[in-house]
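Put chain S on the given structure of chain C with help from the hints.
There are 2 protein chains.
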Amino acid sequence: MNENRIIYLPLGGAGEIGMNAYVYGYGKPGEEELILVDLGVTFPDMDGTPGVDLIFPDIAWLAERRDRLKAIFVTHAHEDHVGAVAHFWERLGAPVYARAFTANIARRKFEEQGLKPETVLTASPWPETVKAGAFGVSFLPISHSIPESSALVIDIPEERLIHTGDFKIDLTPVVGEPFERAAWEEVAKPGVKALICDSTNVFSTHEGRSEATVGPEIERLLSEARGMVVATTFASNVARLKTLAEAGEKAGRSIVLMGRAMRRMIEAAVETGVLRGFPSTVPVEEAGQIPRENLMLIVTGSQGERRAASAQLARGKHHGMELKEGDLFLFSSKTIPGNEKGVIRIMNQLSEKGVDVVDDNAGRYHVSGHANRPDLEAMHDIVKPQIVVPMHGEHRHLREHVKLAERRGLQGVLAVNGTMVELSGNAPKVVDYVETGRTYLDGSVKVGALDGVVRDRIRMALNGHATVTLVVDEDDEALGDPWVDLMGLPETGRSRQPLVEVLEEELAAVVARAGKKTLADDDKLEETLRRAIRNGAQDEIGKKPEVTVVISRLS
Amino acid sequence: MNENRIIYLPLGGAGEIGMNAYVYGYGKPGEEELILVDLGVTFPDMDGTPGVDLIFPDIAWLAERRDRLKAIFVTHAHEDHVGAVAHFWERLGAPVYARAFTANIARRKFEEQGLKPETVLTASPWPETVKAGAFGVSFLPISHSIPESSALVIDIPEERLIHTGDFKIDLTPVVGEPFERAAWEEVAKPGVKALICDSTNVFSTHEGRSEATVGPEIERLLSEARGMVVATTFASNVARLKTLAEAGEKAGRSIVLMGRAMRRMIEAAVETGVLRGFPSTVPVEEAGQIPRENLMLIVTGSQGERRAASAQLARGKHHGMELKEGDLFLFSSKTIPGNEKGVIRIMNQLSEKGVDVVDDNAGRYHVSGHANRPDLEAMHDIVKPQIVVPMHGEHRHLREHVKLAERRGLQGVLAVNGTMVELSGNAPKVVDYVETGRTYLDGSVKVGALDGVVRDRIRMALNGHATVTLVVDEDDEALGDPWVDLMGLPETGRSRQPLVEVLEEELAAVVARAGKKTLADDDKLEETLRRAIRNGAQDEIGKKPEVTVVISRLS
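Protein chains in written order, with the working numbering: chain C, 1 to 555; chain S, 1001 to 1555.
Worth flagging that the hints you see were computed from the coordinates, not collected in a lab.
A virtual CB, placed ideally from N, CA and C, is assigned to each residue, including glycine.
Any given hint could be a false lead.
Stated by the list, open to error - Distance ranges between label pairs, derived from CB positions: (1) C/E293 / S/K1429: 52 to 58 Å; (2) C/G452 / S/E1180: 57 to 63 Å; (3) S/R1407 / C/R407: 46 to 52 Å.
Said to hold, decoys possible - SDA-like cross-link-like pairs, simulated, lysine to any residue; straight-line CA separation at most 20 Å: (4) S/K1334 / C/L404; (5) C/K189 / C/P125; (6) S/K1353 / C/E406; (7) C/K403 / S/A1225; (8) S/K1353 / C/L404; (9) S/K1341 / C/G338; (10) C/K446 / S/D1539; (11) C/K353 / S/T1419; (12) S/K1324 / C/H395.
Next up, chain C with everything else stripped away, as it sits in the complex (with noise of 0.2 Å):
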């Protein structure tokens, strides 16, 4: 059994929505050329990863085999796609490749990283091929709610595979190609081997909704507002930006943009010529200067973000702008779970200053970027595949998107992050489980998600923590008590006395009782006085704190 062979290996976004990173092999096993499908982000929360910056898929296995990548294709310019490959290029090594629009977004974040922007090459769409060690890999127009996403076409020897990336079937974008159909009969006629495929909306037994049909129910909503109207959507949802711009410009407003990642992709966009005839926009700065039932605002923010406009906004002025009665605010967006109090924070700020706030409960001012059971079940027809892996979805996606496979009389196969499938036999076979998990960057530190790091910050947020000090002189005797400081935890507890002096009082009893024996261990000692304090503030507040235990010894 040393024959070549074709492997599937998910690092991230396999059992989860978010931080993507596919690996594919293909060669003798141990000795595979590889590539990586897309490399991106996952959002932190207080709940689980409070004061980390960003989550990352930890890559290590791929960089202990950095020799054998031969490229990194992205499929689109998201940042659960893209968001980490500059912050992990150095340990990668590999041509970044990826169509133009994706590429000027990968570029500006190599800049970033103080990397050179020259790294990242853009590549043509179908028919054009990419070589990639034994791997041709062509970029293949797909619907999706941002410019140029692509699936890839992968021919290995002998083989070949579709790795779908994000998408939806649109025949009607606003924004980008629509779903050509055609081609991708072409691309699945000399048959497909596996499809790897987008589950995120598994669940969704609905059709799906072109983009197009979300204008003219905004314009509907605009021709009957009175005041200043502000619309949030997701920064890098270009065809929504320009629905809405051009609904408002329709509506007699003029445009203003905020928000420097809603600019900055617009610019993009611009810039590699994915969009064209966005209404001219007037910026910030001299929109005072016009009737405010003239202005439309498009805002960054639609998940809450604290330090996004439309959270700015909701709280007071920003850029001198200012909401009041009568203004309209529209949430073009759809809430991604976990972000909910945020969102709700923001409507209960407008609501505080009158402004009505219209969200998409009904499913009227947003659509989904991503393909609904129908439009998969149509994706499977299409592609005519052996094999349905699904990625891009939590562990209950997945399940769900192999049941929905095998039903239709398709091999599925159920591979979370750190499953390696051989695809190449007569059927899906897992054949070895590599290990993965998170890297956090935490500041400017990446610290790996099992370090301790954040887990003790998340139990001084619940603990509290309190620092015991004591000075031991040369003969191991106790120079004075020990002192306290407390943070986090209240002042005075069951006695009513102040709890450092209590927990003090408690310590320095502790610590008369103690023998030279504990004094003289540093272990010991410490241990003595953590577990004192502990036990002393459980009793007086019914919490343990975390505690630091400092011990100066003289000498």
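Then chain S, alone, in the frame of chain C:
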């Protein structure tokens, strides 16, 4: 203007969903006799209140006027209405009235707090009236998602108010009293000054559904289940528990209840006679002897709570029960905003076990306990109040409810927590703003939300913590170098040297440069060290930690 007046003052629950506490007063301004309606809790989260156990309204205003407080009335036994009564009773001291089931639950809470359970008095439903100073208060049955929910008919000389409590209009509520239109019309007949009204579902424009419609859907679902079935819902939703258990019984399954809160609710419901004909249950210890296809577990934890039965079952074995491939898990519940991630975590863990998860996405297996907009309108129509005072809602709900009332020709008044409204004039009038806020139960201690305790914990969670210690001798000379201890911070940064060492070197240099004046001055020295470590860390790891500086002076 020294005539008697009627005032309404929400201390919690108005401008938020949770910790309800509504004060009514009657008398000369500043001398009103007072009653309190409900005194509930809100649940903390990692985002804003890490480590906190429960959140209460700040009742300082009321406690300062306890001599004028005549009684506390509890409308129903949900935690956000009854949860704080026992915690604050000693500061308020007034008799507590509730109907039998609610009183049973409240008494258990009094016992837990070491208070006399007989403080809680059982009231009979309308037309019986409780006298409390100038007030006459009746408990008027109304349907909701827990037994014996009641509106309060509050009679004050010359005027009648109706406080709905939480409600829906359900003619077939499975457990508890159906909405009795005739009784409500009779109560409304003399004329109602103000309707203080639940606003939770004001944005739900469709007709509400009766609890009785849920059973047939669940029966259909169970008829197709082949393995073990687990269903979760709110522990307090006794009607749903009955619906689930009866559906399980019809499907030939033995019913097992798991979760303390759920068994406690059933116990209280049986003790007080509100629950009859509940299918017989099997203790979990005996469940192992029953074939799994004949079992239905009804479990706590519909909101993804980590310690509840549903989360435990999703993680592994719990009380000897273990889920496996082919089992069915039903969420007969709605996910409260903010709890999505916890619920999704469970869904994915179940998916990993091969368990099929059914949730209420389609609105089939759960109905809300609150009145949708058509039912709110019906309530307005039945009561025909002069004024509608929306409560039990975030700002956006209250505002929408005011608009709804005004569109229908009623006076509406938007009063968030702390807004004192005079209801006795020709139109409602805001007469005062009272300072309100939140009190945290943190371990065993009550701390004010603004005390800074939790703020410091959040800062440590975001930024980590550093301890700096320096021993200074009798001559104000540093004795040795400063020591640094870190918690929740990476071990190395930019320079790849151990972070502790980098910072200690930095601090040693700072101390060496510091003049005698600085070394002699605790505040100055502390500030110097703090600034040095924060800047040093920023440079090295891109993060400024929270700092505890301990200066030990030998003297």
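Status of each hint after checking the structure:
| no. | hint | verdict |
| --- | --- | --- |
| 1 | C/E293 / S/K1429: 52 to 58 Å | 32 Å, violated |
| 2 | C/G452 / S/E1180: 57 to 63 Å | 60 Å, holds |
| 3 | S/R1407 / C/R407: 46 to 52 Å | 50 Å, holds |
| 4 | S/K1334 / C/L404 | 26 Å, violated |
| 5 | C/K189 / C/P125 | 18 Å, holds |
| 6 | S/K1353 / C/E406 | 18 Å, holds |
| 7 | C/K403 / S/A1225 | 17 Å, holds |
| 8 | S/K1353 / C/L404 | 18 Å, holds |
| 9 | S/K1341 / C/G338 | 6 Å, holds |
| 10 | C/K446 / S/D1539 | 15 Å, holds |
| 11 | C/K353 / S/T1419 | 17 Å, holds |
| 12 | S/K1324 / C/H395 | 15 Å, holds |
Hint compliance for this structure: hints 1 and 4 are broken, all remaining hints hold.
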